[in-house]
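If you want the building blocks of each chain, they are given just below.
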Amino acid sequence: MSAQAQAAPQAAHPQDELLRTDRIPHIWCSGCGIGIAFGSLMAAIAKCDTPRDDISVVSGIGCTGRLAGYIHLDSFHTTHGRAIPFATGLHLTRPQNKVIVASGDGDLLAIGGNHFIHAARRNVDLTVICVNNFNYGMTGGQLAPSTPFGAKTTTTPMGSPDEPFNFCALAAACGATYVARWTALHIRRLTTAISEAMNKKGFSFVEVIAPCPTAFGRRNKIRRSLDLLRFYYERSVVKNHLAPGEATIDFDNKLVVGKFVDIERPTYLDQYDMVNRGELEAWPATGVDASAAGQRKAG
Amino acid sequence: MAGKAVLTGTHFMNGDEACCEGALAAGCRFFAGYPITPATEVAERMSRRLPQVGGVFVQMEDEIASMAAILGGSWGGAKSMTSTSGPGYSLMLENIGLGLCTETPCVVCNVQRAGPSTGLPTLVGQGDMMQARWGSHGVYEVIAVAPASPQEMFDFTIKAFNLSEEFRLPVTILADEVVGHMNERVVVPPADQIVVKDRLKPTVPKESYLPYQPGPYGVAPMANAGDGYYMHVTGLTHDERGYPGMDAATQVEMTTRLRDKIQNNLERILDYDTVMLDDAEVAVVAYGISARSARGAVLAARERGLKVGLIKLNVVWPFPEQFFRELAPKVKAMIMPEINLGQMVLELERVVGGRCPVELVAHPGGAIITPDRIIKAVQAALEEKP
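So the protein lines, in turn, are chains A and B. Residues 297 to 595 in the working numbering are what the first sequence lists, from first letter to last. Residues 486 to 871 in the working numbering are what the second sequence lists, from first letter to last.
Chain A on its own, in the form it takes in the complex:
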């Protein structure tokens, strides 16, 4: 402990204010991309107009799930896959709360996939940041819903037979109001995307393609973090406003990044309040002519 304290740099880090500095050092491996995503998130929060008391961060389980434990805000480290429904309750009971969900691809879109699609459908006002490192890092590198076809993990030793998800296409199809994807080397664009997502009303989604040299790179012959970062960055092509279904993650041709969706849609609470004020027309808007139906039956 004292050796660590002596080795610690004397100057404060500019983001210390948003960090639980008493919990540093963190658990992430050297070369991990989560730190970059975390830095971008803190930069976006620093620029945000919302009072700090009204910002909460919720995560699930996994490497990215530990992010909530390092941020100096109201922060909730929940169960595997359940960050989004927990965040839903937190937001619906305190609508002024800006609730940010930050978690990994396995947490949000494998075990938590059902919650993800339904929160997007309801358009709950959440900002969801998904750090996609193409595998389960915390447990040592197993198959994830993002693992590329053919990539090796500890549970796909001969290469993955699974077809991966396109998370951005999924989010858009389910009704997300903001959808973007950047790699961990697009730091400024990533920070801007998180800021825009936080300011967006409704379910906003930012995917961060991040290196995991320890678990994923190692088994796929890209052991150095910089090589992995470059591997993603060099294959990326920026295509803003491309139809999300075409925004592929193709390592041979093009790994599409950009802002794909930025739309307006009433949130769950907007609609909940509207229907409970009795302002909604009866459904269906064009009612069935009961007398005509009766005549047909009689005839």
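Hints are not guaranteed to be accurate.
Which stretches of chain B does chain A cover? Using the computed rule of at least three CB atoms under 8 angstroms from a CB of chain A, they are [what the hints assert, rightly or not]:
# : stretch
1 : 537 to 548
2 : 555 to 562
3 : 628 to 640
4 : 701 to 714
Hints are computed from structural coordinates only; laboratory data are not their basis. Note that CB positions come from ideal geometry on N, CA and C, so glycine has one too.
Given chain A's structure and the hints, the job is docking chain B onto it.
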């Protein structure tokens, strides 16, 4: 569309509906749930009633999400609740564990039906009693109440909320299909006559707040999201700061806290009624709908001159160990009817420890236990040679 939270007056309603009114009277303002027989009426009434009192209802995609949402809702500062039956309760146990670990007040109403699996969706069971105690993995204490009538669905839902706020944990209402669907008179008192308890709030400066430092009676005051305490809440084993501590010492400290806040406050938690127990030679011990059968049996047996009494458990977890230890040498036998093949009777046997015989009157579910079966068991116990 304003409405009253407390519907003072005399009503004719079923147990599920009475549960809703109890919740609203206790201050519940957030409900997240998923439809399931025989608890659906709880969700249906909450969807109508909550907007009337400024609350929010949301139907989630499953029971896992429902339970997660009410934990989030509770940290958002709203008294929160969900309702379900066995299959949904199985799914909720994951996040009930999170609620126990993070000491999150909320209420789960389990209107039990017969199982296992899908079982008998529309028919009664009491098969989730041990599940409520041990169903989530790990080491913890729980509180569960067992209403036996629509009136008790109202009263015990308030009690469940009060206990959850006082002791910071998810409290389960172990109701059953008959109690949930039975229509009876329910009296809702005036609002000012209903005791409502709220979680303790921190009073210390923000810099010195330790979110899991036991306060008065061993329970830590709780800050809500937005109060400016910037607390960290985790399902990992954590210390008084709420920070993960990945070692045995922190596990010992945390689980001791979780145990002590219940075990050191039993006098504030335990609740049972006794009927004609003073001179009883046989004691019938029952809970939920089976306590109604047992009451009928005890009254009928007394008319025949049999010296029998009833202990009706209102709080089933924690179990009143001391009471039964002291009662055991004073009676010839104890009889427990339950709509399962023997769950709470195991606890009773453990506590009695052979000091008197304990007999089970069991039904696997789908029907209630009729009083005549209990009377026969009483007669048999009285005829037994010492």
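Contradicted hints - numbers only: Number 3 - this is the single hint that the structure violates.
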